[in-house]
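Make a model of the complete structure from these sequences and hints.
Chains as they are written, first to last, in the working numbering: chain X, 1155 to 1353; chain L, 1155 to 1353.
Since the hints were derived computationally from the structure, they do not count as laboratory data.
Incorrect hints may have been included.
[What the hints assert, rightly or not] Below, simulated SDA-like cross-link-like pairs (lysine to any residue); rule was C-alpha separation at most 20 Å, straight line:
| no. | chain 1 | residue 1 | chain 2 | residue 2 |
| --- | --- | --- | --- | --- |
| 1 | L | Lys1295 | X | Pro1324 |
| 2 | L | Lys1213 | L | Glu1227 |
| 3 | X | Lys1242 | L | Lys1213 |
| 4 | X | Lys1242 | L | Asp1348 |
| 5 | X | Lys1242 | L | Pro1339 |
Computed from a predicted structure; not experimentally measured.
2 protein chains.
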Amino acid sequence: MTPRTGRRPGKSGSRDAILDGARASFAENGYDGATIRDVARRAGVDPALVHHFFDNKQKLFVAAVEVPVDPAELVAHILAGDLDSIGKRIAYTFLRVWDGQGGTSPMITLIRSAASNAQAARMIREFVSAEILGRITRSLKVPDARLRAALVGSQLIGLAMLRYVIALEPLASASPEDLAEMVAPTLQRYVTEDLPPHR
Amino acid sequence: MTPRTGRRPGKSGSRDAILDGARASFAENGYDGATIRDVARRAGVDPALVHHFFDNKQKLFVAAVEVPVDPAELVAHILAGDLDSIGKRIAYTFLRVWDGQGGTSPMITLIRSAASNAQAARMIREFVSAEILGRITRSLKVPDARLRAALVGSQLIGLAMLRYVIALEPLASASPEDLAEMVAPTLQRYVTEDLPPHR
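So this is what it looks like as structure tokens:
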């Protein structure tokens, strides 16, 4: 028999309804278009309850899509330090987080969704633009910060595809430290070195 | 009424049966495990007919999976030239081929399959290992050629994911030339410069 905890049954029911409403709203409206108000309406609750459980849209997305880490924290960690060593900090943080997830990580699921479903791709693109690239762009005192952040992202997502999703050797079995050292100069160049002239 | 062409109906029927058999065999056995003999058996034809239509396993794969370019040709083009400018040659070739495909390219379909389906991932991984990385490894006179080729692949597949599949700005709208110039030094470093010590 399930022990009675004294918890009101409505609470977790509301929380689950909010998460369901959030997934539907993000899928339909993208990250930019979704609102706490729309999520609350779908869940049949007051918007204040959504704020109570999840604080803001970013945290609601992280919970609803089961992003296993808080991107805001990671970005803060990466930006807190010398710009001359940011390439290493990004590479080590990225590989440590992914390797820590194990084989069937929610992040692999995210990459799979983004690759196979246009709605998911839009939702993830808008989230990454607003909450990851946006934060980095505002903090980095370099020209073309958004382009630089996207180039960094291209190296990281490609590494994740080959190492974790496609499992291509020798990338799949390399140690995270070895790989971090190999891609760190690439990331450093994208963040701080001169880019070629472009439109 | 369909005009009679005098063509024997068996011909294109056999060709299609071979392609169907090839897709089934590659999916079930991977690229390494599939054989012309098994494909012929599935198609109910003589192995000689498979060779007649498709020459070898590599070309059969390219046709069956609708790879829109011949990787062997691309690799040959990239390797035919000065090693000091191989980064640019890879970047320009890659972006030119992808941009030339248009929005719903079979290569996007390939990436989607690899991301969402373990059988497809294995098949593509084995094909890329044998026919692309293998060729490059045999030709490059550098240590760690396989690792270097895989690192190059990680930058390229990540660029393709963000530019073509997820359509992240500003990568999605950048000119192919601008992007090629930005990633070329990364590719050049992976191919010819010293890698950090590793196991």
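Verify the proposed pairing of Lys1213 of chain L with Glu1227 of chain L, using a straight-line Cα cut of 20 Å. Cα-Cα ~11 Å, so holds.
Given the hint that Lys1295 of chain L pairs with Pro1324 of chain X, test it: the Cα-Cα distance must not exceed 20 Å. It holds: about 18 Å lies between the C-alpha atoms, which stays within 20 Å.
Decide if the proposed pair is consistent with the structure: Lys1242 of chain X and Asp1348 of chain L, CA atoms, cutoff 20 Å inclusive. Holds: Lys1242 of chain X and Asp1348 of chain L sit about 17 Å apart, inside 20 Å.
Holds or violated: Lys1242 of chain X to Lys1213 of chain L, with C-alpha atoms at most 20 Å apart: Measuring from Cα to Cα gives roughly 41 Å; hence the hint is violated.
Is Lys1242 of chain X close enough to Pro1339 of chain L, meaning Cα to Cα at most 20 Å? Within the cut-off at roughly 18 Å; holds.
The structure is inconsistent with hint 3 alone, although it conforms to all the rest.
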